[in-house]
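Throw the hints in and build the complete structure from the sequences for me.
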Amino acid sequence: MKQKLNDKSHVSQKRFDLELEIYRELSKSLVEAYDTSNLLQPIMDNLPEKTDEKLKIMKKRDTEFAQAFNNFSKIRREDAPFYSKDVNSELEMISKSMSELHDLFTYRWFMESMRDFATSLKGMERNLELHETIKNKTDQVTNKIRDRLDNLSNQI
1 MKQKLNDKSH VSQKRFDLEL EIYRELSKSL VEAYDTSNLL QPIMDNLPEK TDEKLKIMKK
61 RDTEFAQAFN NFSKIRREDA PFYSKDVNSE LEMISKSMSE LHDLFTYRWF MESMRDFATS
121 LKGMERNLEL HETIKNKTDQ VTNKIRDRLD NLSNQI
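Under the numbering used here, the sequence shown is numbered contiguously, ending at residue 156.
Hints may be right or wrong, so weigh each one.
[Said to hold, decoys possible] Lysine-lysine pairs mimicking DSSO-like chemistry, simulated, CA-CA at most 30 Å apart:
1) K85 / K14
2) K135 / K122
3) K54 / K122
In short, the hints are calculated from the structure, not lab data.
Written as structure tokens, this is what we have:
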């Protein structure tokens with residue numbers, strides 16, 4: 001009987017350690033993608049006056065976001081079997097919102113034919129909505145991960 005309890009405790013600890021590492025990696029990639037997405041279309045920005053200097057900054061932001069987003073997307077897909085349906089759903093919404101936010105950024109800075117839309121009232125309102133969605137969904141994922149890890153640690 002004691003051996004069974006020890007075995008169960010060992011398995012529970014291993015499971016906790018595995019999920020902790022998975023969620024730690026997900027969280028790190030999500031925060032990086034979240035932070036870089038905020039720089040795509042910040043609510044307030046301090047840019048140089050010269051157009052070529054602005055474009056240089058925007059290209060850097062674009063590259064940094066693409067790297068962070070791709071890393072987040074890869075980690076999200078690799079470990080998808082370990083996430084609950086709720087967490088997967090929230091992560092999917094975050095990905096879609098970040099992708100759309102990137103589209104608006106691209107329209108504004110790199111697609112002259114779409115610039116008017118991106119800088120219109122409708123485009124700017126959508127930008128704000130996307131920022132809010134990304135923030136809220138990121139907070140929800142963080143809370144769900146915390147709850148899951150708390151639940152697992154109580155089983156050890």
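The hints, checked one at a time:
1. K85 / K14: 22 Å, holds
2. K135 / K122: Within the cut-off at roughly 20 Å; holds.
3. K54 / K122: The given pair, whose Cα atoms are some 23 Å apart, holds under the 30 Å limit.
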